[in-house]
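Student: Sequence:
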Amino acid sequence: MEKNSLSPAFNQGLRQIVYEKLREAIVNGAIRPGSKLSEIELAEQMAVSRTPVREAIRQLAQTGLVTLTPRRGAFVTLPSLKDAADLYELRTELEILAVENLCAQPPEEELLKFRKIFEEMTDATSAETYVREDRAFHLMIYQSCTNHFLTLMLNNISDLINLCRPFSVERSPITHFTWGHLAIIDAVLSGDRPKAREETRAHITTSKDSLLEFLKNHRAEISREYHYGE
150 MEKNSLSPAF NQGLRQIVYE KLREAIVNGA IRPGSKLSEI ELAEQMAVSR
200 TPVREAIRQL AQTGLVTLTP RRGAFVTLPS LKDAADLYEL RTELEILAVE
250 NLCAQPPEEE LLKFRKIFEE MTDATSAETY VREDRAFHLM IYQSCTNHFL
300 TLMLNNISDL INLCRPFSVE RSPITHFTWG HLAIIDAVLS GDRPKAREET
350 RAHITTSKDS LLEFLKNHRA EISREYHYGE
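Numbers in this note's numbering are just positions in the sequence shown, counted from 1, shifted up by 149.
In case anyone wonders, no lab produced these hints; they're calculated from the structure. Owing to the predicted nature of the structure, the values given are computational and were not obtained by experimental measurement. Be careful, since some hints might not be right.
Once the Cα atoms are required to be at most 20 Å apart in a straight line, the calculated PhoX-like pairs of lysine-lysine come out as [stated by the list, open to error]:
#1 Lys185 / Lys170
#2 Lys357 / Lys231
#3 Lys344 / Lys231
From just these sequences and the hints, can you work out the full model?
Tutor: See the structure below:
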């Protein structure tokens, strides 16, 4: 074994900590899509050297959350219309399978909890609150699915979905989306697989259409604001 074939565990641990902090900030919207990532500023904010920040950014680029542009730097990915459409097409088919899976043994307590949450939401509910609960609801679906390979595939794209999620509700009333959750929950609780499939497709299609409409009208504006790719 070569002397330098294994990097120190401490450095690996630090890189992972920096990676998780950056990933969560991106997924939660604290660092917005299109934003340029400065190694110097991030290192200062997290009180670390630039090396773990640089390594974390490269790791994030492998997941698709960050885009590396030669001679220009690293940016939080701002999805193109095609990428967003392709992602939501895949999401639709995978989540339909997951929801159908849940119909066999519905996680009743969790479903009823989310039913109460979404039932109480109004158009006065903040987008941040809705996005947080929406993210938690779909994560519950992934984790409750008994097909572990399906769960793995959904987990692999979940961060990219979360990156897009705030844009999908940017210009629409909250109740435009909450009805979809209620319909899915009721179908799963009743064990109605065809209805659960139908409502899941309708709900994600509503989110996809809203997302694509927002990107169509505002992506160029966001790109200019953050000098995306410049």
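Student: Take the hints in turn and mark each one as holding or not.
Tutor: Status of each hint after checking the structure:
1. Lys185 / Lys170: Given pair Lys185, Lys170 holds - Cα atoms ~16 Å apart, limit 20 Å.
2. Lys357 / Lys231: 11 Å, holds
3. Lys344 / Lys231: 29 Å, violated
Of the numbered hints listed earlier, the single one contradicted by the structure is hint 3.
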